[in-house]
Amino acid sequence: MSLWVDKHRPRVLDDLHYHAGLSARLRALAASGDFPHMLFYGPSGAGKKTRIACTLRELFGKGVEKLKIDQRVFLTPSKRKLDVNIVQSNFHIEITPSEAGNYDRVVIQELLKEIAQTQQVDLSAKQRFKVVIINEADSLTRDAQAALRRTMEKYMSNMRIILCANSTSRLIAPIKSRCLLVRVAAPDETKTIEVLRYVGKKEGFDVPDKIAHEIAEDSNGNLRKAILVLEALKMQSTDLDKPLTIAKPDWETYCHKVADMIVQEQSPQRVMDVRAKLYELLSHCIPPTVVLKTIADRVVDQVDESLKADIMHWAAIYETRMRVGNKKIFHLEAWVVKVMSLYKHFFYDIDMSGFDD
Amino acid sequence: MKPFVCLAREYHLAGCITTSPIVLISRDAEAVAAAQQSSRGTTANSKGSEDNALWVDRYAPKRFTDLLGDDRVHREVMSWVKEWDYCVFGRRQGLGRGRKRPRGEDGDNLDEWKRPEEKILLLSGPPGLGKTTLAHVVARHAGYEVFEINASDARSAQVVDDRLRPALESGSAVGSSKPVLVVIDEIDGATGGSDHSAGFVRKLLSLTYDRPKKKGRKADPKASRPLLRPIICICNDLYATALRDLRTSARVVRFSRPNDIHLVRRLREICDTEGLRAESRALTALVGIAQGDLRGCLNMLQLIKAKGREVTEPVVRTAAAGMKQVDMTSTSVLNDLFSPMARKRTKDLGLTEEDEARYVRRLSREVESTGAMDRVAEGCFEYYATCHRHDANFARYLKAAEWLTSYDVLSGEMWTEREFALAEYLPFMFVGFYPLFQERGRPKLERPKATWDHHVATTANQEIYASLARCLRSAAARNHGDYRHLANGQILQLEFAPYLNRLISPPLNPVNRQIIRPCEKATLSRLVDIMVALELRFLRDKNDDGQLVYRLDPPIDVFVTYDGKRASDIAISKYAVRHLVATEIDDKLAAMRSEPTEKNKPKRSNFFKQRAINAGADDDTSLPAAKRSKQDHIGPAEKVAVDFFGRPIIASTAKASSGKEAKIASTKTVTKYNVAYRFNEGNSAAVRKPIKVSAFL
Amino acid sequence: MSFFQPQTRSAPQKQAADPQHQPWVEKYRPKTIDDVSAQEHTVAVLRKTLTSSNLPHMLFYGPPGTGKTSTILALSRQLFGPDNFRSRVLELNASDERGIAIVRDKIKNFARQTPRAQAVSSDGKTYPCPPYKIIILDEADSMTQDAQAALRRIMETYARITRFCLVCNYVTRIIDPLASRCSKFRFKPLDSMSTSTRLAEIASKENVPVTDAVISALIDTSHGDLRRSITYLQSASRLSMSTDPPTDIIPSDIEEIAGVVQSSVINNLATTLGVELVSSDAMDVDSSNGVKAKGFDAIRKTVKGIIRQGYSASQIISQLHDLIIEHPTLSGRQKAKCALAFAEADKALCDGADEELWILEVALRVHKALST
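Protein chains in written order, with this note's numbering: chain A, 1 to 357; chain B, 1 to 697; chain C, 1 to 372.
Do not take every clue at face value.
Claimed, not checked - Just a few of them, taken from the derived set where beta-carbon distance is under 10 angstroms, the chain C residues facing chain A: (1) V208; (2) T211; (3) D225; (4) R228; (5) Q234; (6) A258; (7) F342; (8) A345; (9) K347; (10) D351; (11) G352; (12) E361; (13) R365.
What the hints assert, rightly or not - In silico DSS-like cross-links for lysine-lysine, where the CA-CA straight-line distance does not exceed 27 angstroms: (14) A/K113 / A/K81; (15) A/K202 / B/K399; (16) A/K210 / C/K184; (17) A/K248 / C/K304.
No lab work stands behind these hints: they were computed from the structure. A virtual CB, placed ideally from N, CA and C, is assigned to each residue, including glycine.
Generate coordinates for the entire structure from the input sequences, incorporating the hints supplied.
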């Protein structure tokens with residue numbers, strides 16, 4: 001029993017709903033026998049993993065869908081044990097090295113060496129190489145990326161690597177230059193609606209235009225989210241023709257609440273209130289960057305045009321500093337205080353020149 | 001209090017024979033030197049003749065009555081040691097005194113060995129007040145031989161086994177007839193709360209646990225014997241993390257600073273004996289600067305003597321400039337940062353107003369000496385916004401935030417890049433708080449706790465995410481990897497968790513399952529399917545009011561609960577609905593179990609063919625039984641829901657309903673069938689998994 | 001069968017990398033130092049060492065893809081020949097463990113040995129085979145400070161029998177004591193002439209039809225990094241070969257492979273920010289009025305659109321940078337302000353900051369700089 005997201009996930013390249021040109025290329029590559037290392041990048045929910053799975057299917061046939069899910073224990077140099085989940089078939093293996101945190105290099109080195117030193121033994125296999133899929137490649141540490149760099153050249157004969165990342169900015173240049181870059185853009189609204197309709201049809205109901213539009217707009221190109229929303233909505237009320245509101249994720253609603261609080265009042269007491277809310281968000285494991293972005297996005301909607309640029313500027317600054325530091329709450333609050341101060345200055349029409357640069 | 005006083009006097013009489021109570025040991029210096037060597041057993045001082053012995057040692061109190069400071073503290077320690085008397089010496093305490101001591105009267109704090117309730121005494125207080133001395137003096141008075149472990153010894157769990165236990169179990173030190181009393185000095189020190197000292201403390205505590213006596217059998221010689229000797233631990237920071245466990249199970253005695261007058265008097269007496277001329281004002285100043293650290297004062301005086309000068313105030317002040325900064329706890333530093341220096345302290349240090357205004361050096365030193373800058377940072381963060389001073393344009397807040405973020409960036413950089421050269425800049429990040437937020441008469445700041453609370457909450461939620469992720473992965477194992485993409489970090493937290501909660505709470509009306517409307521029936525069955533697939537369950541539980549409720553397990557509904565309130569658009573499913581769903585789930589599971597081959601075979605044929613298990617049974621009914629029994633073996637041991645054979649872990653989770661009977665029944669049936677297992681065939685992952693042979697039988 | 005099962009078959013086929021599938025970068029790596037493109041000075045110096053059998057410690061530095069590793073590998077191959085290569089040359093790079101333990105252990109042990117040269121080489125040629133070994137530390141700038149410090153002494157102690165060659169991109173990351181022990185060779189980015197000759201050579205050997213436009217696209221996207229341009233060429237030819245029927249490579253293919261953002265996207269962003277595009281012949285006054293009206297929300301919308309397209313932020317910023325810095329009508333002051341914004345953004349992105357925030361930040365600052 002699967003959720004619609006998985007149930008209606010295309011399994012072969014021909015079933016993909018959008019980026020037909022890309023599908024054709026992938027098919028051609030898979031057929032050529034000269035398959036390169038690849039790097040799929042694009043925003044979350046655009047269909048990178050679906051395309052990877054389809055490409056694998058094209059390469060190896062149905063066998064890749066026989067998956068085993070397993071846990072491997074790796075030993076760090078400091079003798080700590082790391083559990084890493086591994087998904088594998090006879091032809092490929094899928095890992096998320098970021099699960100190992102700072103020790104991802106260990107996972108990469110050990111696993112890849114192991115795979116590289118074995119050969120495809122299945123004589124019926126279509127390809128002589130195996131494929132390693134590395135998820136969340138952009139959160140690999142520099143060390144791990146450096147380790148990958150040479151491995152990619154060395155073991156080309158019996159292994160191909162497919163990296164999957166949200167953006168290429170955090171990948172070091174040597175990795176990028178060793179891969180064939182494949183950009184998977186998010187589907188636009190019409191495509192999203194098309195997919196929603198398709199899912200609805202498969203499930204035996206029609207998605208009303210209004211709802212489809214709203215979901216598509218709300219999901220902002222994240223197809224996975226769109227389908228989850230659709231299913232949740234369908235569960236909540238069987239009749240989709242009624243006027244319905246699309247539920248936002250709770251953390252988002254909560255962030256908006258925080259943003260409203262910041263705009264409504266600027267006082268020490270308010271700082272403390274906001275802090276409590278920020279703690280609450282962080283303790284729900286919402287990434288601080290997401291928190292900051294969501295709140296900032298909401299705040300700028302409610303303030304004067306002349307403040308917007310400054311607020312975003314400080315959001316960018318504090319977000320960057322937050323990456324270096326350990327105590328995310330400090331930076332979040334620093335930004336909140338900054339915004340409050342900016343707002344107050346603006347309100348009392350105090351000279352703003354000090355904040356320009 | 002009276003009994004204590006007479007107790008003290010009694011011991012005093014017993015202990016010192018010739019001299020009057022307030023006499024100074026120095027009068028008979030030779031006796032002191034002898035006593036030192038014999039009692040402490042330290043060899044280091046032995047060659048030190050009278051002249052070059054440290055005054056600290058020479059004038060260390062030898063008798064209970066020589067002790068300076070709070071008498072009550074001394075007596076408390078003494079009485080605790082005395083509570084061991086019956087256990088150690090086999091005599092009743094207070095015997096022959098005509099009246100029983102109140103503590104002994106209760107009698108119920110004593111166990112079969114008549115030991116006090118808390119087996120460990122924890123002495124805490126700032127350095128130099130004489131905690132170690134007290135422990136030694138009391139021990140000697142009560143007739144014990146001191147066995148000391150101090151900072152120079154390694155602190156590891158090993159030490160407890162290697163050194164402490166033999167000493168405790170033999171009951172007396174080597175070559176001595178007296179029973180042993182263990183003093184562990186500076187238990188919080190040196191290791192700084194790392195794993196080592198925590199292990200040490202844990203091991204130490206384990207000594208105090210009594211094992212229940214095993215009946216009929218002879219006690220295992222290896223098993224530790226009960227603790228029959230007292231242990232005194234000494235620490236500076238009572239709230240050091242390593243001591244957390246100890247604090248709760250030991251008797252804690254806090255030391256406070258003795259009255260300055262007593263100290264000055266003692267110093268004067270010493271000066272007199274040493275023939276050092278000292279002004280009273282100078283001595284007072286000295287005591288003030290040292291904040292009651294008598295050891296520090298004595299060292300200082302000896303230094304002055306060695307230089308051949310008189311003790312005058314300016315001399316004291318200049319000499320004191322280099323005096324060691326007192327160890328500060330993070331809390332006291334916080335207080336210093338957020339409130340100006342007390343007038344009295346200013347006077348003690350003899351600072352002019354100008355000096356006082358120069359706070360940077362003083363505060364940065366203080367911060368540095370805590371060694372726990374993160375905690376100071378947390379404190380500053382917690383308290384800066386509670387300040388009452390008016391701040392119209394947030395200018396001060398901005399600065400505070402700037403300091404804090406700079407600190408965090410610097411320290412983050414320092415740790416990740418291992419640039420420890422940055423460390424010296426860190427203390428200055430807090431000094432800025434002083435001019436910004438100092439406030440006279442604000443209530444004393446407590447230890448900041450928001451960070452800890454936050455940490456606890458986060459860890460709890462992370463646990464739940466992790467268990468949800470495990471559910472997803474095991475669901476993926478059963479559904480051709482379908483759910484696996486949802487288990488990745490951000491997707492799980494940002495998208496899946498909120499919507500899953502909406503998915504599993506459709507607005508159902510609580511009705512009997514027989515008369516359910518068709519459209520609702522579809523919803524219900526879909527809901528049950530999803531929940532079964534994801535191993536989500538409703539567990540019956542009682543809430544605080546004793547009402548029956550169904551609780552979601554794992555409790556993923558926390559992810560839509562902020563500030564204790566659930567999202568408004570999610571209908572709160574009522575008890576009846578949840579009950580209905582729970583029974584449906586159980587039914588579904590039961591159904592899956594009873595007809596698994598039809599249901600499972602086609603789906604998972606791939607798995608079964610390759611897997612080396614050949615449930616040698618011919619009839620289909622045996623298979624589920626075998627399966628279930630296996631899961632019963634595996635289930636509890638392996639929390640990771642990745643089932644060995646990629647099958648649902650049903651039995652272990654659904655135990656609530658009929659698990660037990662099923663289990664018994666299944667184990668019975670299983671034994672009849674042979675299970676053949678061929679190695680080297682099939683899937684490597686299956687082969688690799690460590691599993692007990694019993695699981696196959 | 002098992003994914004992990006160790007290989008049980010005989011070894012011969014193990015590293016039998018099919019030359020057809022071999023990366024061209026490896027395939028066309030220079031065999032002798034004379035093959036090295038465009039580093040005349042360095043090659044001239046090194047050629048002397050071939051005859052004089054005196055080699056200093058060396059430090060090669062320069063941007064990626066300029067032939068540093070190729071040069072030292074070619075040189076040592078020429079010095080020792082295929083037979084002695086293994087015993088005389090130790091190559092370590094970042095994918096190998098290179099902590100202080102390895103320096104103390106592996107490198108020291110290797111440095112200490114005095115292997116005997118095999119007198120007659122199997123391929124009949126004669127090699128100088130000087131009486132020292134070479135240790136190549138590739139990507140040396142990623143070695144820790146400790147490990148580098150540990151090298152200092154080893155370099156001196158075994159100088160008689162061992163030469164070190166450090167290869168790195170950033171010479172500043174090498175600690176001074178090490179750098180001062182080496183003679184430094186700077187590898188400069190390849191000029192477009194040598195790149196294009198080299199690319200054309202490879203293309204003709206591989207039978208890939210390339211036009212001049214493609215070559216210039218390759219040069220533009222690779223910024224003097226020969227390895228990158230060769231990799232792009234190979235990827236492009238792979239793609240064009242595998243389509244049915246095979247098509248010729250066109251410049252836009254190269255740009256797509258290189259992850260270059262389409263110029264229409266950049267132009268669109270630039271107009272939103274108030275940059276007047278040179279090609280568009282809109283009136284000055286009109287466009288600036290139009291710009292004012294757009295403001296924050298329009299910029300945010302455009303940025304969000306770009307993020308949805310999945311373009312890499314650093315790429316966007318570098319292309320926007322090119323567009324603005326080379327813009328004919330903007331004042332120097334405006335350009336300077338923009339340049340500062342670009343620089344800060346680049347730093348932040350290197351630190352792993354959020355892409356959307358920083359594209360927006362750059363956009364807003366450029367907008368501000370241009371509208372004042």
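Hints, one by one, checked against the model:
1. V208: Given a least distance of 13 angstroms, the restraint on C/V208 is violated.
2. T211: violated, 21 angstroms
3. D225: holds, 7 angstroms
4. R228: holds, 5 angstroms
5. Q234: Since chain A brings a Cβ to about 8 angstroms from C/Q234, closer than 10 angstroms, the hint holds.
6. A258: holds, 7 angstroms
7. F342: violated, 13 angstroms
8. A345: holds, 8 angstroms
9. K347: With a minimum Cβ separation of about 8 angstroms from chain A (threshold 10 angstroms), the hint on C/K347 holds.
10. D351: holds, 6 angstroms
11. G352: holds, 5 angstroms
12. E361: Hint holds; C/E361 Cβ to chain A Cβ min 4 angstroms, cut 10 angstroms.
13. R365: holds, 7 angstroms
14. A/K113 / A/K81: OK: A/K113 and A/K81 at ~19 angstroms, within 27 angstroms.
15. A/K202 / B/K399: violated, 59 angstroms
16. A/K210 / C/K184: violated, 68 angstroms
17. A/K248 / C/K304: holds, 19 angstroms
In this structure, the earlier hints numbered 1, 2, 7, 15 and 16 are contradicted, and the remaining ones agree with it.
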